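So you can see what is in the structure, the chains are spelled out below.
There are 2 protein chains.
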Amino acid sequence: MSTTITHEDLGTRIEEVLRRRFAERAVAAEHHGAEFAALWNEAAQHALGGKLLRPLMLMELFPALATTVPTRRETEGAIDVAAHVELLHFAFLLHDDVIDGDLTRRGRPNLIGSLVARRPDETAAAALHWGRASAILLGDLLLSTAVLGFARAEVSADGRERLLALLDTTVFETVAGEHADVALSDGIVTPDLRTILATSASKTATYSFVLPLRAAAVLAGASAEAEEQLTQIGTHLGLAYQLQDDLLSVFGDPHAHGKDAFSDLREGKETAIIAYARMTSHWPSIELRFGTADLSASDAGDIRDRLRECGAERFVRGLVQEQLTAVSTVLAEAEESGTLSPAAGRTILAIADRIEGRRR
Amino acid sequence: MSTTITHEDLGTRIEEVLRRRFAERAVAAEHHGAEFAALWNEAAQHALGGKLLRPLMLMELFPALATTVPTRRETEGAIDVAAHVELLHFAFLLHDDVIDGDLTRRGRPNLIGSLVARRPDETAAAALHWGRASAILLGDLLLSTAVLGFARAEVSADGRERLLALLDTTVFETVAGEHADVALSDGIVTPDLRTILATSASKTATYSFVLPLRAAAVLAGASAEAEEQLTQIGTHLGLAYQLQDDLLSVFGDPHAHGKDAFSDLREGKETAIIAYARMTSHWPSIELRFGTADLSASDAGDIRDRLRECGAERFVRGLVQEQLTAVSTVLAEAEESGTLSPAAGRTILAIADRIEGRRR
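So the protein lines, in turn, are chains A and B. Each residue of the first sequence is one higher than the one before, counting from 1 in full-length UniProt numbering. Each residue of the second sequence is one higher than the one before, counting from 1 in full-length UniProt numbering.
Source of the hints: derived by calculation from the structure; they are not laboratory data. Some clues are possibly wrong.
[Unchecked claim] Cβ pair distances, simulated, as ranges:
hint: 1; chain 1: A; residue 1: Gly311; chain 2: B; residue 2: Glu16; range: 23 to 33 Å
hint: 2; chain 1: A; residue 1: Arg194; chain 2: B; residue 2: Asp121; range: 54 to 64 Å
hint: 3; chain 1: B; residue 1: Ser156; chain 2: A; residue 2: Ala125; range: 47 to 57 Å
hint: 4; chain 1: A; residue 1: Phe251; chain 2: B; residue 2: Asp260; range: 53 to 63 Å
hint: 5; chain 1: A; residue 1: Ile188; chain 2: B; residue 2: Thr67; range: 52 to 62 Å
hint: 6; chain 1: B; residue 1: Asp353; chain 2: A; residue 2: Thr190; range: 36 to 46 Å
hint: 7; chain 1: B; residue 1: Gly301; chain 2: A; residue 2: Ala125; range: 44 to 54 Å
hint: 8; chain 1: A; residue 1: Ser281; chain 2: B; residue 2: Thr123; range: 29 to 39 Å
hint: 9; chain 1: B; residue 1: Thr104; chain 2: A; residue 2: Thr68; range: 56 to 66 Å
hint: 10; chain 1: B; residue 1: Arg106; chain 2: A; residue 2: Asp192; range: 58 to 68 Å
hint: 11; chain 1: A; residue 1: Asp102; chain 2: B; residue 2: Thr292; range: 41 to 51 Å
hint: 12; chain 1: A; residue 1: Arg346; chain 2: B; residue 2: Asp121; range: 46 to 56 Å
Being a predicted model, the structure only gives us computed values, none of them experimental. Backbone N, C-alpha and C fix where the C-beta goes; we use that ideal spot for every residue, glycine too.
With the hints as constraints, model all of the structure from the sequences given.
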């Protein structure tokens with residue numbers, strides 16, 4: 001009854017569950033007219049083909065936390081929950097894009113951009129309204145589908161309660177983090193380092209790291225203590241990930257990371273890098289052109305150099321290391337007390353290594 | 001152990017559950033900054049104090065469907081589910097207001113309007129962005145809270161599966177209906193009568209009528225046949241309700257119904273009234289000023305008179321009667337076959353009577 005599944009197989013199987021979900025919905029959508037069916041088909045193209053970081057993290061940790069080798073049925077149950085973690089991610093992305101007014105993601109049209117492109121004969125405002133309304137509604141449906149997926153997971157009654165409590169906390173914290181992020185970008189709260197880190201922890205770490213790690217723990221029947229430690233570990237991993245993301249956007253190679261070069265500088269995104277730079281004597285010269293939409297590549301390169309000179313790059317690289325060191329510290333304690341197995345420790349360290357060595 | 005609760009008591013108790021929910025969230029929100037806590041307090045003011053039509057409908061039908069008098073505990077469980085039906089309603093309203101660009105509801109500022117008013121020093125665009133982003137995010141959280149509320153209902157395993165399947169269908173149909181409604185108002189689909197009625201059935205009838213009626217059936221342990229009949233009854237009731245709403249907006253007394261007089265005519269809302277008028281020789285004279293934002297009261301009165309003359313009012317009043325007759329027909333069959341009790345029948349007829357005699 002035991003199963004050994006490779007990383008690639010897992011990705012394929014998670015995709016299969018997602019593909020089936022979208023196909024079922026597209027069929028049901030046909031009863032509600034061609035436009036609604038078209039929305040589902042378009043959405044499937046955007047939701048599938050991703051890197052599946054979050055569900056794969058869950059599926060890697062799940063067998064490492066289990067005290068016995070998971071049965072085929074348990075593995076399938078975990079894959080199903082993992083697929084719903086990905087749906088939750090896609091739902092948040094859709095609403096994030098509406099809020100940020102984005103029409104692209106990683107240089108390609110996002111769902112809103114694709115829907116707008118399908119209406120060339122309409123005014124830009126009308127096409128945008130249609131694209132954004134569709135993204136809000138589809139996001140609602142996927143969010144509700146994700147919660148229902150957790151509620152229907154094939155686990156014990158106690159396991160389901162834990163999964164639902166986890167999801168409740170996750171959505172609350174993520175929404176709080178997104179709200180704080182909007183407050184930062186709208187200039188409603190002061191963009192100091194503490195606020196920026198707290199926002200990243202809520203917005204990114206909670207659903208992208210803490211959720212998959214804790215869900216793996218619940219599915220594997222791990223203790224409440226293990227869940228608590230994975231919450232700490234996930235928060236540190238998530239912060240390290242977000243800080244690396246901020247560093248890549250400014251100092252990384254755009255050919256490797258795939259995002260628009262310097263888009264964070266053009267958008268005036270309040271990151272830890274900027275929060276540090278604000279406290280230095282270099283800030284007045286950076287501030288002049290920071291957040292200008294038509295920032296030239298040479299001016300952006302100039303800002304990047306000043307951010308390096310003022311020590312912001314070094315400072316944030318230090319923060320990444322601090323977060324990763326904190327992961328090791330919690331992990332050592334957890335292994336010593338026997339709350340987390342050595343196998344779980346190795347899986348988590350492998351995730352930390354991937355974040356540290358990230359180029360995209 | 002039995003309980004007899006009056007209509008007023010029920011309303012108070014549903015409000016209590018909602019009030020407690022918002023208070024808990026507001027406390028938790030304080031950890032995420034003053035802005036997020038303020039959002040919750042503002043939201044509570046908008047979400048509470050409503051007529052609670054949907055949860056009250058559930059709570060009236062629940063004991064009528066039960067074969068034995070519900071225990072205090074069963075009644076409390078039903079009140080909890082009913083409160084989550086109201087949260088789902090509020091979540092949909094929030095996103096609906098974002099999509100429609102509305103800042104008021106029934107002549108008073110809605111949540112977005114209130115949030116915009118709190119930012120007098122900002123540009124209109126910035127204040128609107130803040131209000132709408134907040135409404136999207138809060139709607140997400142309440143939608144997820146509603147689904148979690150259903151998932152945690154204190155019912156048998158079978159009952160929970162049925163509740164979750166019901167909610168899944170409800171959210172899917174409602175989103176499909178909202179999407180079709182946007183397609184209608186954006187001029188993407190043809191506003192014929194069939195499309196308009198199908199849209200109203202999905203958008204309004206499903207979550208406002210079918211959901212509370214079927215949830216009552218599941219909570220009372222009624223049969224799948226009863227649920228099926230309540231689906232039909234709820235769809236007819238919901239259509240009658242929406243058609244009455246359309247009639248009131250054009251032909252009713254604005255002092256009684258509380259909405260802006262003639263707002264549907266100013267917005268160019270595609271209703272059954274308009275779909276009928278389009279097919280008559282009066283349409284060219286109506287079309288001239290239909291959907292103009294600055295329509296004067298006298299011009300609006302003129303359109304109203306033409307809609308009466310062309311037979312649209314009479315036609316739609318006929319549709320309302322048809323839907324209410326269909327309710328009676330399904331009910332008679334259900335009572336004859338013993339699927340629905342006479343007490344359930346009386347409760348449903350009382351709801352139908354309230355829709356028929358609606359003045360607001």
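Tested hints:
Take Gly311 of chain A and Glu16 of chain B: their Cβ atoms lie about 55 Å apart, and the range 23 to 33 Å is violated. In this structure, Arg194 of chain A and Asp121 of chain B break the distance hint of 54 to 64 Å, their C-beta atoms being roughly 25 Å apart. For Ser156 of chain B and Ala125 of chain A, the hinted distance range of 47 to 57 Å is satisfied, since their beta carbons lie about 51 Å from each other. With their beta carbons about 54 Å apart, Phe251 of chain A and Asp260 of chain B fall inside the hinted range of 53 to 63 Å.
A hinted range of 52 to 62 Å for the beta carbons of Ile188 of chain A and Thr67 of chain B is consistent with their spacing of about 55 Å. Checking the proposed 36 to 46 Å range against Asp353 of chain B and Thr190 of chain A shows it is violated: the Cβ atoms sit about 57 Å from each other. Here the CB-CB span from Gly301 of chain B to Ala125 of chain A is close to 31 Å, at odds with the stated 44 to 54 Å. Distance hint check for Ser281 of chain A and Thr123 of chain B: the Cβ-Cβ separation is about 32 Å, which falls inside the suggested range of 29 to 39 Å.
In this structure, Thr104 of chain B and Thr68 of chain A meet the distance hint of 56 to 66 Å, their C-beta atoms being roughly 59 Å apart. Checking the proposed 58 to 68 Å range against Arg106 of chain B and Asp192 of chain A shows it is violated: the Cβ atoms sit about 41 Å from each other. Between Asp102 of chain A and Thr292 of chain B, the C-beta spacing of about 33 Å breaks the proposed range 41 to 51 Å. Judged by the Cβ atoms, the range 46 to 56 Å given for Arg346 of chain A and Asp121 of chain B holds: they are separated by roughly 54 Å.
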